Every structure is written in structure tokens, then in C-alpha cells.
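Student: Sequence:
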Amino acid sequence: MNIGERLKYLRNKQKWTMKDISSKLGIGDSTYSGYETNYRKPDAEMICKLADLHNTTTDYILCKTDDPALDKETSSNIKDFFDNQKLHWDGKELSEDDVESLKDILEVAVKRMLK
-6 MNIGERLKYL RNKQKWTMKD ISSKLGIGDS TYSGYETNYR KPDAEMICKL ADLHNTTTDY
54 ILCKTDDPAL DKETSSNIKD FFDNQKLHWD GKELSEDDVE SLKDILEVAV KRMLK
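Position 52 (the sequence shown) corresponds to 45 in my numbering; numbering is contiguous.
The set of hints was computed from the structure by calculation and includes no laboratory data.
Fair warning: this is a prediction, and the values are worked out from it, not measured in the lab.
Treat the hints with caution; some may be incorrect.
To be verified - Calculated lysine-lysine pairs in the DSS-like style (CA-CA distance at most 30 angstroms, straight line):
(1) Lys12 / Lys34
(2) Lys57 / Lys1
(3) Lys6 / Lys85
(4) Lys42 / Lys8
(5) Lys57 / Lys34
(6) Lys17 / Lys34
(7) Lys96 / Lys85
(8) Lys104 / Lys1
Claimed, not checked - Label pairs and their computed distance ranges (CB to CB):
(9) Tyr2 / Cys41: 15 to 25 angstroms
(10) Trp9 / Leu55: 14 to 24 angstroms
(11) Leu107 / Ala37: 40 to 50 angstroms
(12) His81 / Tyr2: 38 to 48 angstroms
(13) Ala62 / Glu(-2): 31 to 41 angstroms
C-beta atoms are modelled at their ideal positions from N, C-alpha and C, and glycine is treated no differently.
Could you put the whole structure together from the sequences, leaning on the hints where they help?
Tutor: Dropping the structure here:
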């Protein structure tokens, strides 16, 4: 499998069109089409954006691994972040209840993205 085939597979898995992807990335339709057809090669910044968009790793996009999953250790650090930081909003420190509410909201959002 090459990068273009991998990108097409990820796009189809999400049931997105090429236009959907190019719009989300803020690039031209023909640019994204070039990535899928291997006519163009995405630069390092674009590969990172594609990995973020598809919730996968850059190694998966680059075909260095066949495992699309993010490292579980890295993923769990998001939860740890809330426990180990003093969070602020507009200069005001958030209470423990506020932080718990944010964690709940984020958990729902992440579960929806991973569907």
C-alpha cells in the first residue's frame, strides 16, 4: 500500500468525499486529489494534519506501520493532563468541578470522533 491508497482508505472509512477532506484541510480539491493519486506528495506539515484529521499516526499515513491506532500511552496522557495542571480560562483558575465538567465534555466528544 502507498500513501495515496492509505489516504483513500482512511477517507472512505469515514465516508468523506475528497471535497470534504480538502475543505477540512483548507487546500484545493486538486491538491488533495493529487495526494490520493500519488501525483503530489504531502509535505511534513500536511502529513501531520492528515494524521490529526484521521486520528491516526504519521507513521500509519507514511505506511511505516499497518497499525492505525495511536499509542495508548500517548492517548491516556490527555486524561492525565487535567489531573496534573492548574487550568485557567480568561485568566481565572477553573475549579475542580469545572475541570471535571470539561473532562466529561471532552470524553463525549472523543467518543463521537472515534465512531
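Student: Please list, smallest to largest, the hint numbers that this structure does not respect.
Tutor: 3, 11, 13
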